[in-house]
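Protein chains in written order, with this note's numbering: chain B, 323 to 584; chain F, 51 to 249.
Worth flagging that the hints you see were computed from the coordinates, not collected in a lab. None of these values were measured; they are calculated from a predicted model. Where a beta carbon is used, it is the ideal one built from N, C-alpha and C, also for glycine. Just to be clear, a hint being listed does not mean it is correct.
[Claimed, not checked] Beyond 12 Å from chain B on every Cβ pair, some chain F residues (computed): (1) R91; (2) D95; (3) A111; (4) A115; (5) R119; (6) L121; (7) S129; (8) V146; (9) R213; (10) P243; (11) G244.
[What the hints assert, rightly or not] Examples of chain B residues toward chain F, derived with CB under 7 Å: (12) P443; (13) D446; (14) R448; (15) Q478; (16) A485; (17) M488; (18) G490; (19) D537; (20) D540; (21) R575.
Chain by chain, the residues:
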Amino acid sequence: MTPLTLHAGDIAIAAILLVVDAALSIGLRLRFHRALAIASLRMVVQLLAVGYLLRYVFAGHSPWLTAALVLAMSLVAVREVAVRPTRRLVGGNAIVALPNVLGVVLLTACFALMTAIRPHPWYDARYAIPLVGILLGSILNAASIALAGVLDNVRQQRDAIEAQLMLGATFRAATAPLLRRAIRAAMVPVINQMAAAGVITLPGTMTGQMLAGADPVDAVKYQILLLILLTGASCLAAVGTAYACMARLRDDRERLRLDHLR
Amino acid sequence: MSLFVEGLHNHLVGPFTFDVPAGGCLAVTGASGTGKTLLLRMIADLDPHEGRVTFAGIDRATLPAPAWRRLAALIPARSGWWADTIGEHFAPEHEVEKRALAADLLLPGSLFDRPIEEASTGERQRLALIRALLAEPRLLLLDEPTASLDPVSTQAVESMIARRRASGTTVVWVTHDAAQASRVSDLALQMLPGGVLGA
Numbered sequence: 323m324t325p326l327t328l329h330a331g332d333i334a335i336a337a338i339l340l341v342v343d344a345a346l347s348i349g350l351r352l353r354f355h356r357a358l359a360i361a362s363l364r365m366v367v368q369l370l371a372v373g374y375l376l377r378y379v380f381a382g383h384s385p386w387l388t389a390a391l392v393l394a395m396s397l398v399a400v401r402e403v404a405v406r407p408t409r410r411l412v413g414g415n416a417i418v419a420l421p422n423v424l425g426v427v428l429l430t431a432c433f434a435l436m437t438a439i440r441p442h443p444w445y446d447a448r449y450a451i452p453l454v455g456i457l458l459g460s461i462l463n464a465a466s467i468a469l470a471g472v473l474d475n476v477r478q479q480r481d482a483i484e485a486q487l488m489l490g491a492t493f494r495a496a497t498a499p500l501l502r503r504a505i506r507a508a509m510v511p512v513i514n515q516m517a518a519a520g521v522i523t524l525p526g527t528m529t530g531q532m533l534a535g536a537d538p539v540d541a542v543k544y545q546i547l548l549l550i551l552l553t554g555a556s557c558l559a560a561v562g563t564a565y566a567c568m569a570r571l572r573d574d575r576e577r578l579r580l581d582h583l584r
Numbered sequence: 051m052s053l054f055v056e057g058l059h060n061h062l063v064g065p066f067t068f069d070v071p072a073g074g075c076l077a078v079t080g081a082s083g084t085g086k087t088l089l090l091r092m093i094a095d096l097d098p099h100e101g102r103v104t105f106a107g108i109d110r111a112t113l114p115a116p117a118w119r120r121l122a123a124l125i126p127a128r129s130g131w132w133a134d135t136i137g138e139h140f141a142p143e144h145e146v147e148k149r150a151l152a153a154d155l156l157l158p159g160s161l162f163d164r165p166i167e168e169a170s171t172g173e174r175q176r177l178a179l180i181r182a183l184l185a186e187p188r189l190l191l192l193d194e195p196t197a198s199l200d201p202v203s204t205q206a207v208e209s210m211i212a213r214r215r216a217s218g219t220t221v222v223w224v225t226h227d228a229a230q231a232s233r234v235s236d237l238a239l240q241m242l243p244g245g246v247l248g249a
């Protein structure tokens with residue numbers, strides 16, 4: 323089966339829907355037409371730019387270019403993770419987010435490329451870049467929920483944590499409930515995603531492949547592999563981020579150091 | 051089990067230097083916000099600070115922090131609770147002693163089955179004291195332990211601490227009540243504005 327190619331004219335026809343939205347916004351005074359126009363333009367420009375960039379990278383077969391792109395994408399994800407919580411660690415949330423996001427995405431991407439997917443060469447940009455992109459999306463979610471779960475709750479949990487420290491509990495024992503709650507919350511989206519897949523939602527990757535002409539069962543196999551990878555990466559990122567963040571809020575005398583929080 | 055405190059200070063208060071003999075009670079009085087609570091937190095090693103604390107001949111720095119805090123229990127003015135019911139905050143092996151201490155402090159035994167939100171401030175204060183005493187600490191750091199209590203319960207707490215002192219437990223007792231300070235302690239220091247101790 324050959325994928326159906328879209329032409330600019332086909333997309334322009336679909337864009338009539340956006341014009342209808344804008345008309346509704348103006349007619350009903352919903353006042354979102356300006357934001358809608360800006361967002362639509364951004365979407366088209368950003369995606370076209372990335373399309374041409376990827377075409378160039380895929381054709382070049384340069385592992386260095388691929389590595390540079392992976393690094394750049396990871397750094398944007400680190401920034402997103404760092405800014406989500408309302409609280410900041412002294413020294414910046416990136417000191418926790420950077421090693422976790424980068425470590426987990428490299429580990430899971432290399433694992434998948436060398437075992438399940440096996441392109442030639444294994445770092446082929448056509449496989450590596452989309453895989454890293456989708457992994458980063460899940461890692462970003464899990465890491466930022468875990469980080470916010472610790473940073474935004476530790477202050478109000480201070481009395482409960484210190485009460486246990488005063489009774490001679492170790493810092494690890496006193497903060498375990500808070501850590502567990504943060505990690506569990508971070509795992510909810512990816513577990514929901516797996517539970518809903520195929521019943522409530524048709525996941526994006528497989529929908530895209532089917533629209534492009536792929537066999538449904540082949541598309542589903544890919545989707546299963548991806549969901550397993552996403553879940554594995556999310557869990558590693560949530561655990562790593564929550565523990566690393568908590569470690570920043572203690573010292574060698576097992577004190578709760580809220581002065582390390584801004 | 052004497053307590054020696056030498057040059058204890060942080061960027062806000064101190065330095066504090068004093069000692070309390072074994073089984074003695076030092077009362078620390080003074081206006082709110084002068085640093086009485088900070089002093090207790092520093093002795094319990096809960097905030098970063100400089101200075102030396104020695105208790106029963108043991109230099110605090112040689113003990114891991116959790117071991118030190120089991121020896122020197124701080125009972126804060128605002129107690130913390132981490133589980134849903136009151137009973138979950140107490141180790142099951144202390145069941146009998148727990149009920150005996152509760153009766154001494156005029157608390158009903160049925161209180162332990164209730165959610166923590168249902169306990170009044172005064173009940174929580176006494177429950178936190180029981181929770182700390184069950185671990186048999188040798189140094190008690192009390193921060194306004196009777197602040198929310200009626201006179202009868204206050205009397206019960208004071209007698210309980212007196213019994214602990216009789217068996218050798220050393221006490222540092224922060225109170226804003228000068229009458230209580232003279233009742234319960236054999237030496238008293240006043241926290242002056244600026245975080246220094248005066249006689």
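Hints and how they fare:
Against the 12 Å criterion, R91 of chain F falls within the reach of chain B, whose nearest CB is about 9 Å from its own CB. Distance to chain B contradicts D95 of chain F as a non-interface residue, since its nearest Cβ pair spans about 6 Å, not more than 12 Å. In this structure A111 of chain F is not separated from chain B by more than 12 Å, as the shortest Cβ-Cβ distance comes to only about 9 Å. A cut-off of 12 Å between C-beta atoms contradicts the statement that A115 of chain F is not in contact with chain B; the least separation is 4 Å.
Taking the minimum C-beta to C-beta distance to chain B, about 5 Å, the non-interface status of R119 of chain F is violated against the 12 Å cut. Listed as a non-interface residue, L121 of chain F fails to keep its Cβ farther than 12 Å from every Cβ of chain B; the least gap is roughly 8 Å. With a least CB separation of 6 Å from chain B, S129 of chain F falls inside the 12 Å interface cut-off, contrary to its annotation. A cut-off of 12 Å between C-beta atoms confirms that V146 of chain F is not in contact with chain B; the least separation is 19 Å.
The beta carbon of R213 of chain F sits about 21 Å from the closest Cβ of chain B, which is more than 12 Å, so the claim that it is off the interface holds. The Cβ of P243 of chain F lies farther than 12 Å from every Cβ of chain B, with a closest approach of about 23 Å, so its non-interface assignment holds. For G244 of chain F, the shortest C-beta to C-beta distance to chain B comes to about 21 Å, beyond the 12 Å cut-off, and the non-interface label holds. Contact between P443 of chain B and chain F, as hinted, is not supported at the beta carbon level, the nearest pair being about 52 Å apart and thus beyond 7 Å.
A least Cβ separation of about 51 Å between D446 of chain B and chain F goes past the 7 Å threshold, and the interface hint is therefore violated. With 7 Å as the threshold, the beta carbon of R448 of chain B stays out of range of chain F, its nearest partner Cβ sitting at about 51 Å, so the hint is violated. About 11 Å separates the beta-carbon of Q478 of chain B from the nearest beta-carbon of chain F, more than 7 Å, and the hint is not met. At its closest, the beta carbon of A485 of chain B sits 3 Å from a beta carbon of chain F; the interface hint therefore holds under the 7 Å criterion.
Against a cut-off of 7 Å between C-beta atoms, the interface hint on M488 of chain B holds, since the closest Cβ of chain F lies about 5 Å away. For G490 of chain B, the interface hint holds, since its Cβ comes within 7 Å of a Cβ in chain F; the closest pair sits about 3 Å apart. At about 52 Å, the closest approach between the beta carbon of D537 of chain B and any beta carbon in chain F exceeds 7 Å, and the interface hint on this residue is violated. At a threshold of 7 Å, the smallest CB-CB gap from D540 of chain B to chain F is about 50 Å, leaving the interface hint violated.
Because the beta carbon of R575 of chain B sits about 4 Å from the nearest beta carbon in chain F, less than 7 Å, this interface hint is met.
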